Structure formats: structure tokens, C-alpha cells
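Here the protein sequences line up with chains A and B, keeping their order.
Remember, my numbering sits 18 above the position in the first sequence when you count from 1.
Remember, my numbering sits 7 above the position in the second sequence when you count from 1.
What the hints contain is simulated information worked out from the structure, not anything from laboratory work.
Computed from a predicted structure; not experimentally measured.
Don't take each hint at face value.
[Unchecked claim] Below 25 Å or equal to it, Euclidean Cα-Cα: the simulated SDA-like pairs (lysine to any residue) are: (1) A:LYS35 - B:GLU320; (2) A:LYS144 - B:HIS124; (3) A:LYS144 - B:ASP339.
The lines below spell out each chain.
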Amino acid sequence: MRQLENLYRQIIMDHYKKPRNKGLLDDARYKKEHIKNPSCGDDVTIQTFVEDGIVKDIRHDGTGCSICCSSASVLSTRLKNLPVTEALKISENYINMITNKPYDETIELEDAQAYEGIKDFPARTKCATIAWKAFENTVK
Amino acid sequence: MDATSFKKDFPALRNTDLVYLDTAASSLTPTSVIKQMNEYYEHYPVNVHRGVYKLSFRATEMYEAARNTIAEFIGATFEETVFTRGASSALNLVASAYGLTNLKEGDEIIVSELEHHSHILPWQNVAKKTGAKLIYVPLTPAGRITVDNFKHVLSDKTKMVVLTHVSNVMGYETPIENIITLAHAQGAIVSVDAAQSVPHKPVDVKKMDCDFLAFSGHKMCGPTGIGVLYGKKHLLDDLEPIEFGGDMNDNVEKYDAHFKDTPYKFETGTPPIAEAIGLAAAIKYLRSIGFETIYAHENHLKEKALDALEKLEGITVYNPGTDTGIITFNLDGVHPHDAVSFFDEDNIAMRAGHHCAQLVMRFLDVPATLRASFYLYNDEADVNRFIENVKAARAFFTEVGF
Chain A
19 MRQLENLYRQ IIMDHYKKPR NKGLLDDARY KKEHIKNPSC GDDVTIQTFV
69 EDGIVKDIRH DGTGCSICCS SASVLSTRLK NLPVTEALKI SENYINMITN
119 KPYDETIELE DAQAYEGIKD FPARTKCATI AWKAFENTVK
Chain B
8 MDATSFKKDF PALRNTDLVY LDTAASSLTP TSVIKQMNEY YEHYPVNVHR
58 GVYKLSFRAT EMYEAARNTI AEFIGATFEE TVFTRGASSA LNLVASAYGL
108 TNLKEGDEII VSELEHHSHI LPWQNVAKKT GAKLIYVPLT PAGRITVDNF
158 KHVLSDKTKM VVLTHVSNVM GYETPIENII TLAHAQGAIV SVDAAQSVPH
208 KPVDVKKMDC DFLAFSGHKM CGPTGIGVLY GKKHLLDDLE PIEFGGDMND
258 NVEKYDAHFK DTPYKFETGT PPIAEAIGLA AAIKYLRSIG FETIYAHENH
308 LKEKALDALE KLEGITVYNP GTDTGIITFN LDGVHPHDAV SFFDEDNIAM
358 RAGHHCAQLV MRFLDVPATL RASFYLYNDE ADVNRFIENV KAARAFFTEV
408 GF
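For reference, chain A alone in the conformation it holds in the complex (with noise of 0.2 Å):
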């Protein structure tokens, strides 16, 4: 069977089709990160209100492949309300996962375990890492 039959199942189209928290706010206590992969032309922008140390919410909007999109929508889902330290070891952990970097396997990815499949697609890891990385530059 083909990787990307793997790869592309269930939870990836899930969030592609019906991203959750999609859309940004006009909130100041918001504060906003722009990424973009200007050779593919990934777009992605995540919004955090972070409050007492906790991320409240997760905003995040844009354009590109289903991978990049979905992963905005999967990041918002599994980060929202944690602490902030632990939201970016998860997300540390994650990206460490999809670069294929050593990476704690005890730590609970949820739907963005889906992703593990991008080491076999190195072209991809971008795809899958830079709402992340945007996520990242919010909350640092």
C-alpha cells in the first residue's frame, strides 16, 4: 500500500475539510505570528491569547497544502488551554518527531500523532512544521 494512503487517512482530511478554530480575531491581547515557505507557497498565520502562564486560545488562518492547513487546525486543538511550557514541549516534541530527531514516545500527540508518516516524505516536513514553529513564535 502506498505511504501516503496512510498518510493522508482519517484525521489529516478530517482537519483539512473542517478546521477547527479557523479564523482570526481582531483581539489586541492576541498576539499574531506570519509564516510563510515562499518556495511552495504555504501561508500560515496562528494567533494566541495566552493568561496566566496558559494558552487560552488558538486562532490561525491561510493557504497552502492539506498538510500545512490541517496541522494549523490539529496544533490549535491539542495546545489549547495547557500550560505554556508544556504546550512547547509538545510542540517541541512534535516537530522533533516529524524531522526525524529523537523524541519522547510517552508524550500524548493525540490527532498530531497522525503526522509521524512525513519522515518517510522529507520533502513534506516543512508542510507539516511551520504552523508549529508559527505557534512557537507566539508563545516564546
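Here the structure of chain A is known, so what remains is to put chain B in place on it, guided by the hints.
Structure of chain B alone, referenced to chain A:
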């Protein structure tokens, strides 16, 4: 032409099922070019123009013989053939050395939305710094530059015409000779980006009568890191160098220096020696096959692919009238980066993205496209596998819910 016989000339195609459809970005390299470059590195890997010893003399001879081969290939003279590190730096040289000095507020530069970024950004810079204005040739609905549309924007204010010979996305050939005649009648200077034409068809700069023309080695079976700028001798004579340093001068005083004549005044530093020698070998290789044969072969494969694509549902081809081996298309509703991974899994190498031509993407009103481009080493089996994969990809993405 039997392309299977050419596949064996390319080490990257031996013992592999690779279908390489990304020549418009970079072509593969034949053994003869690799051998010629290895010979330089193995037997006379030394600098040119400097050493007064036998090896350096040989390196210099080979380097300058390469320039002669390349000059003769495009119908230019030795002095009119400047080595650069690619078409991009050649086109930048024209903008920086000619444009920044000769253009002023109120002047107009005619450009097109079909230009590669390397032929538009240098002139945006000239426009910003000099106050000259960029004027876009209106494209036809299909995306072509025509002589009639060119006439609409040509005026006595036009000082510069900056156009591609063949679009790297649409594959259209610009009616450049007629445009040049009209431009010259207004006293304008013409810069031609020939990166997508020189590898595929004979180009004679004297017949074309362009003022400047640029192309790259790596799109025509040559190495990366080398390009060529052709300029008319009297224009190059008048240009100031934009890079200064070793080898480009002939007398250096404390507060002044005197520069060599063209082409050397534009070639400071150690030049791409192996690459120049490799590019000459690539030209020999292509000529041994013949450009008419190459062009007819590419055209045949392209027509076969287009015929098959047109019969498929859910595929949009943006340039069905392409004049060259370039086909730009999308699977409807599927981002090209999603699609290209599907092809990659079957070892079909194809470009997905904006192809360094974002203005074309805006014209087509798409974020990005897929692009397949054919060259002499492709064959009918490649076309068949490409089409089978398009069908399978279409079915797959529909099935997973795109």
C-alpha cells in the same frame, strides 16, 4: 528519435525507474560533460589568466576555448560572451550596469507577467532607484505576449524592453524578433531571458538582434554555477563593471585603476573554470544530436501527454497551447504539494510550486501549479507512466476526500 538510446548517456537514469520531468528547473548531466569536468580537476585543476606555467596555460586555453564554443553557438563574438554564475546573475548585471546608469525618471521599462523573478526583481530595483516606470504588456486571455499587445504599451518613453524568450511556466514563445524590431525603432534597448529557449532550439543573437541575452548551463545538460550574458559589443564597452577585484583590471594605482576590456572587466575573481569547460561539452553533446531532433522529440512527447490529459476529468491544464515541452496543470481541488508527493512515491520527479514566477500564478489565479517538462532523455514510456500516475492520483485524492 529513439530516446531510450539517449537515456544511457545520463548516469542519473541508469539502473533506475526514475521519470525525470523537471528539466525546466534543471536538466540532467550526460557522461561526456562529467568526464570533461573531471579531466579538468584530475589533470589541470589550476587557475586561469594568472600562472605563468604550463598547467595554468592549459587551463586558460581550455577556458577560453569554451568561451569561443559558446560564442559561436549563439552567433556572438568572444568579446560579447561574458561568463556569470547563472542566468540570474547575467540578467542582474544588465539591470545594475545598464539600467541603473542609463534610466531616469519618466522613462518606461516594458516587462511582462510571464517573467521569472530573476528578470523582474532587478528591474523593480532599477525602477525604484531611478524613478523609471515598469509597464506590463497586457497578456492575451491564454497568457501570451503578442506583437499587437506589445504595440499598445510601446511609446517614445520606452527605454528598455525586458522580456522572456520562452515562459518557464506557460512554455509560450514570445515573438521576440518582431518585438525587438519595434523596440529598436523607438530607440529602446532589449534584454532577453533565454534560459528556457537556448537549451531547446537554435538561438542566433545577431539574427534576433537583441541587445542583451542570458541563459544558464544547468538547464542544457551543463553544470550548475555557470551562465552566459551576451551583450552587443558597443553596449558592453560602455558599461561599468559592477564587481571589482582581481583579474578584471590592468593597472591599479592608489586612488584609481584601469579595467580590462569586455568580457574580462565583468569577470572578477576566479571564474567557474570547470563549469565553462563543462558547458562547452554540453553544447557539443546537444549539437551532436541536433536541435531540430531534440525539439521535434520534446514536442511529440508533449503532444502525447496533452492529448491524454485532455481526456481526463478533474485535471486543469493551464497552457494547452504550449509551444515547448512544458505542461503546467493541477488536479482540481488538490494543492500541488499534496499531488506531487503522490508522483514522488512512484519516482516521478516533477515541480510543484510557483516556479519563481509568482506573477504568472496571480495571472492564472492559483496559489501554485504542477509542472512537467520534457527533454531529449524522456521517452514514450515516461509519458505513459506520467499519465497513469495522473489518473491514479486523481482517483486517490478523490477517494480520500479532496
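Now for the hints, and whether the structure bears them out:
Only pairs whose Cα atoms come within 25 Å are accepted, and A:LYS35 paired with B:GLU320 is accepted, the gap being roughly 22 Å. For the suggested pair A:LYS144 and B:HIS124, the alpha carbons sit about 23 Å apart, so the restraint of at most 25 Å is met. A threshold of 25 Å between alpha carbons decides the hint, and for A:LYS144 with B:ASP339 the separation of about 23 Å falls inside it, so the pair holds.
Of the hints listed earlier, there is not a single one the structure fails to meet.
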